[in-house]
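Take the given structure of chain A and dock chain B to it, following the hints.
There are 2 protein chains.
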Amino acid sequence: MNAEIIAVGTEILLGNIVNTNAQYLSEKLSELGINVYYQSVVGDNPDRLKSCLKQAMERADLLLITGGLGPTQDDLTKETAAELMGFSLEMHEPSLERMRAYFQAVNRPMTPNNKKQAMMPKGATVLKNDCGTAPGCMMERDGKIMILLPGPPIEMKTMYEGYVRPLLLQKSDSVISSRTMRLFGIGESRAESLIADLIRESENPSIAPYAKLCEVHLRLTAKAETEEKAEQMLDETEGKVSELLGQYCYGYDEDTLQTVAVHTLMEQGKTLAVAESCTGGMIAKMITEVSGSSRVFTHGFVTYANEAKEQMLGVKHSALERFGAVSETVAMQMCRGAKEKSGADFALSVTGIAGPGGGTDKKPVGLVYIGLATSNGVRCKKLLLSGSRDKIRTQTAMNALAMLLEELK
Amino acid sequence: MNAEIIAVGTEILLGNIVNTNAQYLSEKLSELGINVYYQSVVGDNPDRLKSCLKQAMERADLLLITGGLGPTQDDLTKETAAELMGFSLEMHEPSLERMRAYFQAVNRPMTPNNKKQAMMPKGATVLKNDCGTAPGCMMERDGKIMILLPGPPIEMKTMYEGYVRPLLLQKSDSVISSRTMRLFGIGESRAESLIADLIRESENPSIAPYAKLCEVHLRLTAKAETEEKAEQMLDETEGKVSELLGQYCYGYDEDTLQTVAVHTLMEQGKTLAVAESCTGGMIAKMITEVSGSSRVFTHGFVTYANEAKEQMLGVKHSALERFGAVSETVAMQMCRGAKEKSGADFALSVTGIAGPGGGTDKKPVGLVYIGLATSNGVRCKKLLLSGSRDKIRTQTAMNALAMLLEELK
Numbered sequence: 001m002n003a004e005i006i007a008v009g010t011e012i013l014l015g016n017i018v019n020t021n022a023q024y025l026s027e028k029l030s031e032l033g034i035n036v037y038y039q040s041v042v043g044d045n046p047d048r049l050k051s052c053l054k055q056a057m058e059r060a061d062l063l064l065i066t067g068g069l070g071p072t073q074d075d076l077t078k079e080t081a082a083e084l085m086g087f088s089l090e091m092h093e094p095s096l097e098r099m100r101a102y103f104q105a106v107n108r109p110m111t112p113n114n115k116k117q118a119m120m121p122k123g124a125t126v127l128k129n130d131c132g133t134a135p136g137c138m139m140e141r142d143g144k145i146m147i148l149l150p151g152p153p154i155e156m157k158t159m160y161e162g163y164v165r166p167l168l169l170q171k172s173d174s175v176i177s178s179r180t181m182r183l184f185g186i187g188e189s190r191a192e193s194l195i196a197d198l199i200r201e202s203e204n205p206s207i208a209p210y211a212k213l214c215e216v217h218l219r220l221t222a223k224a225e226t227e228e229k230a231e232q233m234l235d236e237t238e239g240k241v242s243e244l245l246g247q248y249c250y251g252y253d254e255d256t257l258q259t260v261a262v263h264t265l266m267e268q269g270k271t272l273a274v275a276e277s278c279t280g281g282m283i284a285k286m287i288t289e290v291s292g293s294s295r296v297f298t299h300g301f302v303t304y305a306n307e308a309k310e311q312m313l314g315v316k317h318s319a320l321e322r323f324g325a326v327s328e329t330v331a332m333q334m335c336r337g338a339k340e341k342s343g344a345d346f347a348l349s350v351t352g353i354a355g356p357g358g359g360t361d362k363k364p365v366g367l368v369y370i371g372l373a374t375s376n377g378v379r380c381k382k383l384l385l386s387g388s389r390d391k392i393r394t395q396t397a398m399n400a401l402a403m404l405l406e407e408l409k
Numbered sequence: 001m002n003a004e005i006i007a008v009g010t011e012i013l014l015g016n017i018v019n020t021n022a023q024y025l026s027e028k029l030s031e032l033g034i035n036v037y038y039q040s041v042v043g044d045n046p047d048r049l050k051s052c053l054k055q056a057m058e059r060a061d062l063l064l065i066t067g068g069l070g071p072t073q074d075d076l077t078k079e080t081a082a083e084l085m086g087f088s089l090e091m092h093e094p095s096l097e098r099m100r101a102y103f104q105a106v107n108r109p110m111t112p113n114n115k116k117q118a119m120m121p122k123g124a125t126v127l128k129n130d131c132g133t134a135p136g137c138m139m140e141r142d143g144k145i146m147i148l149l150p151g152p153p154i155e156m157k158t159m160y161e162g163y164v165r166p167l168l169l170q171k172s173d174s175v176i177s178s179r180t181m182r183l184f185g186i187g188e189s190r191a192e193s194l195i196a197d198l199i200r201e202s203e204n205p206s207i208a209p210y211a212k213l214c215e216v217h218l219r220l221t222a223k224a225e226t227e228e229k230a231e232q233m234l235d236e237t238e239g240k241v242s243e244l245l246g247q248y249c250y251g252y253d254e255d256t257l258q259t260v261a262v263h264t265l266m267e268q269g270k271t272l273a274v275a276e277s278c279t280g281g282m283i284a285k286m287i288t289e290v291s292g293s294s295r296v297f298t299h300g301f302v303t304y305a306n307e308a309k310e311q312m313l314g315v316k317h318s319a320l321e322r323f324g325a326v327s328e329t330v331a332m333q334m335c336r337g338a339k340e341k342s343g344a345d346f347a348l349s350v351t352g353i354a355g356p357g358g359g360t361d362k363k364p365v366g367l368v369y370i371g372l373a374t375s376n377g378v379r380c381k382k383l384l385l386s387g388s389r390d391k392i393r394t395q396t397a398m399n400a401l402a403m404l405l406e407e408l409k
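In order, the protein sequences belong to chains A and B.
The first sequence maps to residues 1 to 409 in the numbering used here.
The second sequence maps to residues 1 to 409 in the numbering used here.
Please note that a few of the clues may not be correct.
Since the list gives no way to pick one copy over another, a pair counts as held whenever it fits inside one copy or between any two copies.
[Unchecked claim] Below, simulated DSSO-like cross-link-like pairs (lysine-lysine); rule was C-alpha separation at most 27 Å, straight line:
#1 K391 / K128
#2 K212 / K391
#3 K362 / K115
#4 K341 / K316
#5 K212 / K157
#6 K362 / K316
#7 K50 / K144
#8 K115 / K382
#9 K28 / K240
#10 K144 / K54
#11 K171 / K54
#12 K316 / K229
#13 K341 / K382
#14 K409 / K128
#15 K157 / K341
#16 K382 / K363
#17 K122 / K157
It should be emphasised that the hints constitute simulated quantities derived from the structure, not laboratory data.
Predicted model only: the values in this text are computed from it and were never measured.
Isolated chain A (complex conformation) (with noise of 0.2 Å):
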C-alpha cells in the first residue's frame, strides 16, 4: 500500500509553524509497513487543495490529510474531499453531542460555526477527538482509503493511536510491532559494524540504526499473524543484538537517560544531588521533567561563579587558583562538597569550558570533567566534546547522567 500524506493550512506555507505531524505520520506508517512516496502540503485555498487532493487519489491507494477540519469559512479539507470521494455530508448525532458535552465541559458557549465540525461524509467511518471539537473520519471507495485528521499535533496523535492504527492494521493480514533499544556510549558507525551480519541476515525482523546526539537508537520491527508471535520474535532478536551491544543498552521506546536514572533511583531508594557549573542547571531541569523527582532529587547547585563554588560546595579557593575551576581537581571537590551538603547518596558534579568564547590552547571549548560522588568515594572523568554551546551543554548532562546510570547498575 503506497500512501501520500498532505497538511492542509496557509499558516505552514508561510513558515509560521513546522509541519511536524507529516513527521510524525511517516514514521507511524514506515513502522506498519507502508511506503510513504510523497508528502504535500498546501493552503486554505478551494482550488489548489481540490488539485492537490486529486493529484494524490491518482498517484497514491491511501491518503492521510491533516488541518482544515475546523469550524471557521477558511476550514474546507472535509468539504473538498467528500466531493471527490462521491461522499455527501449530513449531520453526526453523535459527534454533535459530544462537541456539547465538550463545550459545556470547558464553559464555553458552542457557536453555530461550531456545528459545522458535526457534518459527516455518509457512510463515512467518523474518528473521535478525544482532546479536541473536530472529528475525523476515513472514507472508503474503489480501493482508495482517504483519513481526514485534525491539525493540532496533539489531537492529531491522539487520533491517529486510537483509532487510525487499529484500522489500519485491520486493513492488513498481519500485525507489525517494532520496539527501540537505546544506547549511549557508542557511536552509530562502530555500532552498525558491531552488528553489520545482523543487519543484513535480518530482514524479519528487521534491524535499523538511528544515530541522535550522543545516542544510538537500534530500531526492531517484526511482522507475523499475532502480537503475540511478533513480540517473540522481537524478544529473540533483540538476544542476538544483546550479545553484541547489550552493555551500551540503557532503556527502550519512550525511555530517556533522565527516566530511567529518576526511576532507577526510586526503585533502589536512594537521593541525588547535582552540582553544575557549564551546564548551568540543564542536568537539575532534564531530571525535574520527570513526574516525581522530587522523590529522589533532593539538592541542585548551579556554582557559576567560583565564588558560589567555594561558599555553597566548599571547594578549596586554592585549587581554583592552583588548577582553575575546568579541571579534575575542582570537579571531584564540587561532587563531594555536594554529597556532604545534601546528605544525598549520589551527586554529580559538572565543570568545563562551553564556549563559543573563554577556551584556550590548554583548556580548549569543549573540554569537560564529570565528578561522582558515591558512599564508595568519588571518581572523575574528562571529556573533550564539540559544536555548538547548547550542544556541548547537552552532552555533557547526558555523559553525566550515563554516568550515574552505569554506578546504579
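Below, chain B without anything else, positioned relative to chain A:
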C-alpha cells in the same frame, strides 16, 4: 512571483527527520513578499523526483529545492533538475578547488565521489557552500527559476542568507525589511484588539501578530525603494504600535527574555541569583544559555526538597509547616535567602505545582509563586497557569524573567 518548496530525501518520507528547511524557506520567502503555494517532499527516486519537479515547474515560477546534492549514487537532484531545465553538467573548477581545500582543512581524503558534487549546470549561477562540500546553483530559463540548495539545515541557511536572498532581492524592484516586536504580559486577542484599527489601516508596512507561549510577536514588514526608506517606515509604524502596546514590548527579532535580562544586567553591572523549586533548574539553564552570562549570574539554588529549602536558603521550618512549600511566605523567604547567601544584587525564586500530580483543591496544579528580592526589599507574584508539566514550568520561568526585567527598567 509564486514559489514551490521541494525537499528531496527518503529520510524525510520515513519520518526520520522533520522537514524544518521548508518552514525556514517559507518564512524567508514570505518576508520577501513571494507567495508559497505548495511544499512537497519526494524521495531519492529518479522517476518520482522527475514527475514532482515537472509538476512544480507547471504551477510555480520559482522552485527552491533542498537535498540530494550529496556525493552518492542516490543523490540525483542536480542531474534531474538540470535535465528538466535543459542544462548540461560540466566540471566547475572553482568548486572543485574549494572542495579540495575543504577536505584538506578537515584532514579527510577527498573521494572520486566528491568530485561529482563539483559538476554544475553549464550557465547556472553557482552558489558557494560556506559550511560544507556541495555547492548550490540557480538556473534560469523561460521565466522559470530553479534554485538547488544542500539538505543539511546549517548549510542551506548559510547559503540562503549569503547568496540566494541577495539574488532574489535583485529580481525585485523594491526592498523588503521586517522587524519583530516581542511582547510579554498580554494575550494575542487583547493585543490584536488594541491595535485592530492600526492593523486594518496598515498595508505597507503590514502588521501581523503571532501568538507564542506567553508571548505575542508582532511582525512589521515594509516594502520600499531603498533599505533606508523601508527602515524609516518601520520606525514610524513601530512608533504608532508602541503608543498602544509599548509597555509590553521587551525586545526585537532574535531577543529572548533571557538574553535581554542578561544584557541588561551586564549594562547595569548587577548580579543575579536564582532559587528554584518547581522549575528545577530551568531558569538557571535559560540564563546560562546566554554566552557571557557568567559575568552576571552567580548562584543557582535548585531546592526541590523542603530540607534543601531550609538548608540552602534558610527557609523557616515553621513557614514550610504552616503555609506549605507552595506559598507566598516560602517564595519570599526563598528569594531573601538566595540574595543573602549569594550576595547578588537581585534574587529570583519560584515555588509551585507543575503537575501532573500533586495538586489539591486549595493548591491546584499550575499554582505558582514568584519572589524577587532587591536592595529595596522583597516582592511576590501569584500565578495560576495551565497546561502540561513542561508548559507550566516554561511559563513560570518566563514570568520570573519578565518580573526581573520589569525591575531592571
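Hint check:
1. In this homomeric assembly, K391 and K128 come within 27 Å of each other (Cα to Cα) only across copies, at 26 Å, whereas the closest approach inside a single copy is 41 Å.
2. Proximity of K212 and K391 under a CA criterion of 27 Å is satisfied in both settings, with 12 Å inside one chain copy and 24 Å between copies.
3. When the C-alpha separation of K362 and K115 is checked against a cutoff of 27 Å, the pair qualifies neither within a copy, at 69 Å, nor between copies, at 37 Å.
4. When the C-alpha separation of K341 and K316 is checked against a cutoff of 27 Å, the pair qualifies both within a copy, at 15 Å, and between copies, at 18 Å.
5. In this assembly of identical chains, K212 and K157 lie within 27 Å of each other by CA distance both inside one copy and across copies; the values are 23 Å within and 21 Å between.
6. In the homo-oligomer, the alpha carbons of K362 and K316 lie at most 27 Å apart inside one protomer (22 Å), although the nearest pairing across protomers, at 46 Å, exceeds that limit.
7. Proximity of K50 to K144 under the C-alpha cut-off of 27 Å is found in both arrangements, the shortest distances being 16 Å within a copy and 24 Å between copies.
8. In this assembly of identical chains, K115 and K382 lie within 27 Å of each other by CA distance neither inside one copy nor across copies; the values are 62 Å within and 38 Å between.
9. Proximity of K28 to K240 under the C-alpha cut-off of 27 Å is restricted to the intra-copy arrangement: shortest distance 25 Å within a copy versus 49 Å between copies.
10. In this assembly of identical chains, the alpha carbons of K144 and K54 lie at most 27 Å apart whether taken from the same copy (12 Å) or from different copies (25 Å).
11. In this assembly of identical chains, K171 and K54 lie within 27 Å of each other by CA distance solely inside one copy; the values are 23 Å within and 33 Å between copies.
12. Proximity of K316 and K229 under a CA criterion of 27 Å is satisfied in neither setting, with 60 Å inside one chain copy and 59 Å between copies.
13. In the homo-oligomer, the alpha carbons of K341 and K382 lie at most 27 Å apart inside one protomer (24 Å), although the nearest pairing across protomers, at 31 Å, exceeds that limit.
14. For the identical chains of this complex, K409 and K128 are neighbours neither inside a copy (44 Å) nor across copies (50 Å), given an alpha-carbon limit of 27 Å.
15. In this assembly of identical chains, K157 and K341 lie within 27 Å of each other by CA distance neither inside one copy nor across copies; the values are 45 Å within and 47 Å between.
16. Only within a single protomer do K382 and K363 lie at most 27 Å apart by alpha-carbon distance; the minimum there is 12 Å, versus 44 Å between protomers.
17. Taking the shortest Cα distances, K122 and K157 sit within 27 Å of each other inside one copy (24 Å), while across copies they are farther apart (47 Å).
In this structure, the earlier hints numbered 3, 8, 12, 14, 15 are contradicted, and the remaining ones agree with it.
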